[in-house]
Structure formats: structure tokens, C-alpha cells
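Asker: Residue numbers (my numbering), protein chains in the order written: chain U, 134 to 274; chain H, 118 to 259; chain E, 8 to 794.
It should be emphasised that the hints constitute simulated quantities derived from the structure, not laboratory data. Among the hints, erroneous ones may be present.
[Said to hold, decoys possible] According to the in silico footprint, chain U covers these stretches of chain E (three or more CB under 8 Å from chain U): (1) 367–373; (2) 448–458; (3) 569–576; (4) 650–663.
By construction, the Cβ of each residue, glycine as well, lies at the ideal position given by its N, Cα and C atoms.
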Amino acid sequence: CGFQLRGFDAASGLESLHLAAANDDLAQAVRERLTRGGTRLDEAAPLRLNLGAERIRERPLGLVESGNREIELILEAPFSVQRVEDGAYLLPQETLSVSQRLHINEANLLAADDQRREAEANLRREAASRLLDRLRPLNER
Amino acid sequence: QQGEPIEVEANRLELDDRAGTAVYSGEVDIRQGNLHLTGARVEIQRNEAGEVSRLTATGERAYLEQNPADGERVQGWGRTIIYHAAERRVELIDRAELHRGADTFNGAYVEYQIDRRLVEARASTEGTDRQRVRMTLTPEQQ
Amino acid sequence: APPEPLAASQLDWHPWGDQRPAGALCRGRYLVPDYRLPAGATPEEVVGESEQADYGADGEVILGGEVVLRRGTSQLESPRVRVTAERDRALADGPLALRDAGLLVRGDAGELSLTDDAATIEQAHYVAHDQRLRGGAQRLERLPDGRFRLASASFTSCEPGSELWRLVTGDLVLDQASGFGTARHARLEMGRVPVFYWPWVRFPIDDRRQTGFLWPTLRVSGDGLDYAQPFYWNIAPNRDATLTPRWISDRGLLLGGQYRYLYPSDAGQIDGAYLSGDDGGNGPEGSAGRRFEGEDRWYVDYRHQGRFSERLAYELRYGAASDGRYFDDFGGDFGERNTTNMPRLARLDYRGQVWRLEARAQGFQRLDDPLADRDKPFYRLPSLTASARWQQRGFYQQWRSNLTHFWRDIDETSLPQSLEREAAVGTRLHLSPAVGWRFDDSWGHLEPRLEWLHTAYDLDYGERVTNRDRRPDRSLPVFSVDGGLIFERPLQLGGADHRQTLEPRLNYAYVPARDQRELPDFDASERAFSWQQLWSPYRFSGADRVGDLNRLSYGLSSRLLEDASGRERLGLHLGQALYFEDRHIDLNGDPDTLPPEAAFQRFYNATRERSPLVARADWRHGVRWSSHYEVLYDDHLERSERAAAGVQYRDPRGHVVNLGYRWELQGFDPSVEVSDDAFRNFDREEFDLSFAWRSSARLDLIGRLLYDNTNDRFLEQLAGVQWNDCCYGVQLVWREWVDDNDTGILADDFTDRGFFLRFVLKGLGGVGGDAGDYFERAIPGYRPAVL
Chain U
134 CGFQLRGFDA ASGLESLHLA AANDDLAQAV RERLTRGGTR LDEAAPLRLN LGAERIRERP
194 LGLVESGNRE IELILEAPFS VQRVEDGAYL LPQETLSVSQ RLHINEANLL AADDQRREAE
254 ANLRREAASR LLDRLRPLNE R
Chain H
118 QQGEPIEVEA NRLELDDRAG TAVYSGEVDI RQGNLHLTGA RVEIQRNEAG EVSRLTATGE
178 RAYLEQNPAD GERVQGWGRT IIYHAAERRV ELIDRAELHR GADTFNGAYV EYQIDRRLVE
238 ARASTEGTDR QRVRMTLTPE QQ
Chain E
8 APPEPLAASQ LDWHPWGDQR PAGALCRGRY LVPDYRLPAG ATPEEVVGES EQADYGADGE
68 VILGGEVVLR RGTSQLESPR VRVTAERDRA LADGPLALRD AGLLVRGDAG ELSLTDDAAT
128 IEQAHYVAHD QRLRGGAQRL ERLPDGRFRL ASASFTSCEP GSELWRLVTG DLVLDQASGF
188 GTARHARLEM GRVPVFYWPW VRFPIDDRRQ TGFLWPTLRV SGDGLDYAQP FYWNIAPNRD
248 ATLTPRWISD RGLLLGGQYR YLYPSDAGQI DGAYLSGDDG GNGPEGSAGR RFEGEDRWYV
308 DYRHQGRFSE RLAYELRYGA ASDGRYFDDF GGDFGERNTT NMPRLARLDY RGQVWRLEAR
368 AQGFQRLDDP LADRDKPFYR LPSLTASARW QQRGFYQQWR SNLTHFWRDI DETSLPQSLE
428 REAAVGTRLH LSPAVGWRFD DSWGHLEPRL EWLHTAYDLD YGERVTNRDR RPDRSLPVFS
488 VDGGLIFERP LQLGGADHRQ TLEPRLNYAY VPARDQRELP DFDASERAFS WQQLWSPYRF
548 SGADRVGDLN RLSYGLSSRL LEDASGRERL GLHLGQALYF EDRHIDLNGD PDTLPPEAAF
608 QRFYNATRER SPLVARADWR HGVRWSSHYE VLYDDHLERS ERAAAGVQYR DPRGHVVNLG
668 YRWELQGFDP SVEVSDDAFR NFDREEFDLS FAWRSSARLD LIGRLLYDNT NDRFLEQLAG
728 VQWNDCCYGV QLVWREWVDD NDTGILADDF TDRGFFLRFV LKGLGGVGGD AGDYFERAIP
788 GYRPAVL
């Protein structure tokens, strides 16, 4: 039915990229995901990824009142991709947005804090791989 | 100053002794002391003592200039300029314009009293259409 | 008092009449007429026109008859003007009109400097066309530096003829360069009725500064009348403060405040409020709302983040409240309560190339009243973490270590026998080194990983008599292997090139069972099952419990990506886990026992052979529609344990509709014990409808319905109107909601309702602040029109 292993028909990921990003955990997750995907981070690369600071919002699902709450964590970050030589925007400014639902149990606030930080780290990994999806089509241009 | 001699250049001269007036016409250029008057037609009237009492210049753009020894130069234009020698007063009538030092005045009628250096301008007078008085005033450079 | 306002025609105001454009909020607009005279040759030259002009003996010029003077960009019209001999001033009789860029001032008499921009006008009426501000003053002075100083002035952004609101002041200074007005003895008048007074106030007069100044909030709810009047003080470009006196009819005067500062390497803010002698609210005697009657009620919340260097960052946070019900009684904008605990934190974080070090002191004040000892959270005083990672191509080594001292202030002898494990305080050392080999390529990945967990305690049971071990420890391995392939094929859909992926994934995890009965329970919590849990070997969060596990997870994902942008249009995910052994470890930590069959859901979770089948879909139909589905279906008992569905509609014109459904089996979350507040004895099924409809540029209709299908009751009903007019905005909201008194028990729920009116004065720096964020949280995707 036409399925092939990815990467056989076209180059896999970007071969080099300049990551211009704020100094936060999202940038760290993107840096790790890019290097793991085989992309060399290099200031002199032909393409530059501008990654804004992450913003994590929380939205209560259902009524907030009771001790056990279900919330939706939303991570958003503005990004764009520019070709360095002429500054052209290959990907104009856009907001990357990923979200995850999370149970918060007030009975154990330390556990709730740990689980929330894990969820945030998970969101950053998810955002990084979404970003890779967006960068993949660029290497043909 | 009233008694100073008048030099006149003009194309034609008509004398009317009875009325004591002389009318010069055709590029008339009159000088009396530090006063200079030009116009297409200038009428000179004299009083009983034979002194010049009034000069009336008319023309498309009659012109008056005065360089008083102590004050600033004054220049005036108008379709009609009347110079009252005794009162040392000038009337510029219709398309009147007066330059006094750095200031300029335009309007239908501008009256200037030379010795007292007073100017009075008005946007309308009989015989002219309404011409708003316009002026430019440049503040002293501190 | 300021002079009576002039007629609209005198203020360059041109009503639209019948050809009013659709988006126009006001009934007309200001139009600046052209200059009546061309400018002079130089900006300093004064050009004039009049009916007559007299050039006085001493050089003074007197102009009369419809005089017009023009100097640079300003133009003066007056019946009579006297220009001094030095030509430095022009004295004009009224009624005069002074115009400049974007400004008109009419007055009875005036004096203009001809050497700079200074001017003084008596009985003045002014209009700032661009900012749509107008008003009057006994005397209006334009200072040489361009600022305006007005004596006994008025100020409003309402269109001429409207008396809706105005600010009347002793003196008022408007500084268009910095965009601020400063007033003394200022009072706010609504329709000529004084509403509020300030001895001194500074406020933004253009929309550079988004935070609002005067948006009084009026609430009529269970607690009677609740009137909050914030005023904003911009101390410096990087520091500002808001003081919010709030008068609650049945409680008293609550003085709230916020101070924020922003420096190059650190920033922070402190919020707080104080009410002395709570009058108790108007609930019946002995009701929850009156529990702290007569006492002082306050809260403070301080946050600060900063950075010492590129690698070294720190964070400070301290929150405290006078009592557990503070936010119940004085909570959010519309009675909703969004603060359930006050975090306290001091964190130092070093991120090196290889090593990452963190020192953290953390605790919480849990806002729950009454708060039993057993519910009091532990403090981490401190928690020291060191982690590092080395990588040689695929092979990697990880080091993670944590030393934490747990402490809480309770009477440990009062805890029941069943909770003895929570009676201790003490120190825990937790080491979790790991080695692994990660193969990663665009077509797939494989990662075998072995982790060794070693945990040791030094416990102190205080006066409690117990034979539990004071220095227990535990060591065990965690083995996992995770692998996946990515297949792809091009796909034509709707005329555009797409790429569809097929991503099978397998994950095996093995964790042996170890006896953990002697171990305390500081921060352990059993995780609820989810898509993420399929791929994680850890059944507990925290380090006090490590759940035994022998399971294989299999999953298949398919994603539809737009070729051009790489954006994911559709994501389908399916997954399930096979358990080869029962899961014995729970909070009791006994490796040989299972939960009693009476607690059916816990027994079933420990012994079932297959996890629920997880099916998820995220679908972006087009620009306007998107939807999300998730279901955890137990194919053995043939029932859904948890399900959620959501459809969102976003219209560029501003309309938003959200439809949501949530179902969760009772007992689904294993971390909730019967004695917890959050325990509820019914399955949870809710329908959630929220919408915002921008029916016109002036009117937003807002609504939300949250229906509890299990107990056939509405948890929340909200209907709101946001009226957006020329110089003011009104948010009118009716909200009825269930307050569950911090417990899951139905019996103690009670319904509260309130009518909320929020009034916004436009032109005074526009509106910002948190006015809209309640709506944004209640109605996802809704951006309230900037009033």
C-alpha cells in the first residue's frame, strides 16, 4: 500500500541549522532533539531557526473546586525559520502549541509538583519533535 | 524737508496753474530729499506758499521709498499712493503693500505716518474690493 | 470647576449620520480642518491675516477683525491680537482657537509665545483628536517642553454630547511624549455623579501602556455588593504598582496591591491583600463563609526569578494566606476559586555542559479548612540534585542523584496505625544511574536501557512508639527496551500533497518486586493510566515506591502531515499493554500481597492481564474546525474507563464554540485514597459547552454550560455580554456554579450564584490586566475584544 521506511526516498533531516533561541528548557530540548536527529548546530548554517521563549499555561478542565483536579497544560512558543543569506522567511512567524492533560491530586502536593514538572518536560520533547516535523520539508528547498 | 527741491523725470508734463497742480505721466520718477516716488502718473499739488503739499502717484504698481537718516528704510506699493507732505503721512490704496524693517503688510489700504512710524492697515476702503490684511512678523533674534 | 463643555460642532466633531461604517464604535469622529494660512518661510516666522492692522509707536502691532496667526505648526484664530514690540508674545482676545498637530484649544483669552511653543489660555476647551480625549480647564498652559498643565480641569474620552464619565481634577498635567497624565484632587464622575476620589494619581493617556487604569469592578453575589477600584501607578518604565481598594458590603474594606519590577537579569512581583476584621459575609450562622468572622484576612504571594550568569539561574517564591478559606471568600473575578495552595520555593539551578546541579527548598501552605495533620504536605528542606549524561555515539551513561530532607510539623503520635508510614520525617538519598544504547534515525529508533535505583533513608519517628526501621534502604534494577519504525507514503488529499506515516512501536519493561513496607511515604503517588504510561516503566512518581512491572506495550500511530508546511493535520494513536505478572507493590509496599478483592478496581488493576486499549485522535479539519478524541477502553470488562472528546470552532471574525465531553470511571485515579478530600463515589460524566459570539464590533455574547450528567445538575452556568462602546466598555456576567467545599462528597456541595458587572473606561490607557483571562480560561480560544 505504498508505505516505505522514511528517509529512503529523501534526505532525512536538516544537515545543519543555526538555532537562535532564548536560554530556556525548551531550547535545550530542541537542541537535544536536533542533534539526536543528526542535525549539526552551527552558527554558520544556511538556515536559522528563531525560537521564542516558552510559555506554559494551565487550564482547568471541569470545575476547579474539588481537591482532585484535571488540568490541561499548554506549552506555546513562537518560532520562524529564515534563510540566512537573504533573510527570507521560509517559515513565517507562527506559534507552536502542544498540550497534555494531567491529574493534580492535592493530597500529595510534592507528587503533584513532580508530575507537573515531568509533564512539562514531556511537552517540551513533544514540541521539539513537532518542530522537527516542520523543519523536515525545508531541506529540499 | 518740505521745502527741499523736487527732481522729476517724466515723459509729459501738464501744468494747471490755477489749481496749483502739475501732472506728470509716463514712467514718472520723483525724488525729494530721502523720498523717492515712481508711478505711471504723478500729480503734484502745491499750497499758497508754493510748497509741495501733496503728491499722488497712481499706476499698476506705484512705488514709494524712504530712507530716513535715523530709522529703517520703508518701501510701499499700491495702485494709488498719496504722500501728504505737511503731515508727513503716506496712504497706499488698493493692492497696498508696506515693508518696514523686517515686517511686511499687505491689504486694501495701508496708512504710514513717517515721523511717528505708525502703520495702519485695513482690509477694505471705498473703491477697492475686500483684500484681507496680511503681514509677516519676524521676532527679534535673541 | 471646569467650564461647561462646548457644542460638538465647535470641537471638530463630525457625526457619521447614516453612513456609519460597520466597525465604528463611536457615533462620529474628529476631523481636523486644514490650516487657514500657509506656514511661514521658517518655523520661527509669524505670518498673519486680519481685517486691519495697527503698527503702534513702540513697535507693538495690533491686529483686529478675524485675525489668523500662523507660526510653524500652530495656528491662532482670534477677533483681536496684540503682538508685543519685542515680537516675543501675542495676546489674543476670545473667543479664540489655537490649533497644533492633533490638538484644538478654544478659550476666552490667551497669550502665545512667539519664540517657543508656550501658550496660556483661559476658560479653555481642548480636544486631542488622535487619542479622542477632550475636556475643559479654567486655565490651560502649554509649557515650552510641549507638556500641558491644566488648572481645575476635566478629562474624558466620551464623544461630545455624552456625559457618561469624566475625570475632574484640581490640576492636571498631560505629557504626550511619555503618554501619561498626572492629576491632583481628582474625582471620577459618572453622569455628573462623583464616584471616586484620588488625592494624587498618575495614569496612561495612550495605549502604549496596556495595563488599565480605571476599570472598577462591581459584583453582586452571595457576599452582597463587591466594588473594586484599582488604580495603577507607573513608577518607572520597568516598575509599576497597582493598588486596589475593594469594598465588600458584608465583609469590609479589603486593600489589595501588586508591585512589579523588571531588571536586565531578574524580575519579580509581589501581590497581596489585607482586610482587618472580617464582618463574616452574609451566609447563615455557622456557614463556611463565616468561619473566620472577626479575624484579619490577608494573603501575600511573592515571586522572583533571576540569573547570575548564563548557566546559573535562581528562583524565589513565597506564598501565604491567613486561612484556608481566604480564596474561597475573596477568590477570582467571578467567584471562581483558582488557588488551592500557596507554594514556597527557593531554587538554585546550574546547567553545565555535562553536569546539571539543582538545590531546592520547597514547601506549600495547603489552603484547606479544616486541615487534618495527615493532609499536611511535607517540606523539602532542602533537595539537592546532581545529574549528568555522557554520550559516545549511540551508547550513553546517565548519572542522577538526589539527597532530600523531608519535614513537616505534625503530631506524629496522632496518626492512625494505617498511616504510620507517613509519621516519620527524615533524609532520603536516591541514586539512579543508568546506561543505555540509543539508535536514532529518521526511519526509526531502538533504545535498550538499564537503570539501577538505590534509595536509603535516615528516619526520625519523634515521640511515636514504633518498631519500624529507622534506616531502611532498597536497591533494584529497572530494565526497558523501546523500539519503533516510521513508514511513510505520499498522499493526495484535497488537492494538496500530504505525507502519511505509519509508526509501529514496542516497549518492554521489567522491574522486580522489592519489599518496601518499611519505607516511608514522603512524595510517592501511583500514576493514573494514560498514553504516556504505556511507554514508561515507572508506576509511581517520586522515589519512595518503585512499582514492580513485567509488561509489553505495543502501539501504532499514523499521522497525516502537510507536505508544504509539515503541519500535522491528523494524528491517530492506538496502544495497549500486556502484563505478564500481577503488580504487587502499592503504597503499602508488600511484594507478596494483592489488594483485597473488596476494593474491586484496585484489585482488578493489579491483576488484569491487559491494560485498557488507548485510542487517541487529534484532527485539524481546516482553518476553523479542530477536534480531539481519547478513549481508554477495557476490552476485558467491555467498558470505557476514561473518555474525552472535544470539538473547537474558531472563526476569524472572533466567534468561538467549544463542545466537550468527559467520562471517568470512579476510582480510575489510583492515587486518590478513600479518606482523601478528592475521593468521590460516582463515575464522572460531564458535558462542557462554551461559546463566544461577536455579533458586532460592539457586542460579544459569552456563554458556558458545564453539566454533570451523573448527578443531573449543572456545575456551572454562565451567560455574559460584553458591550464595547466609544468611550467605555461593560462586561455583564451572570454565573451560577457549584461550590464543592473542597471535597468530592456530593452532600456538602452548595450552589452559589452571582451577577458581575465590570465597567471599563476607555481612553485612560485602554484595558488590560486580568479582566479578560477568566473568559479565556472558561472559553478556550476566546480573545475578548480589547476594550
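Asker: Test coverage of the stretch 448–458 of chain E by chain U using CB-CB distances below 8 Å; three residues minimum.
Answerer: holds (count 4)
Asker: Are three or more residues of the stretch 650–663 of chain E within 8 Å, CB to CB, of chain U?
Answerer: It is violated: at least three residues are needed, and the stretch 650–663 of chain E offers just 1 whose Cβ sits closer than 8 Å to chain U.
Asker: For the stretch 367–373 of chain E, do at least 3 residues have a Cβ located nearer than 8 Å to some Cβ of chain U?
Answerer: Check passed, 3 qualifying residues.
Asker: If you look at each residue in the stretch 569–576 of chain E, do at least three have a Cβ nearer than 8 Å to any Cβ of chain U?
Answerer: holds (count 6)
When held up to the earlier numbered hints, the structure conflicts with hint 4 and nothing else.
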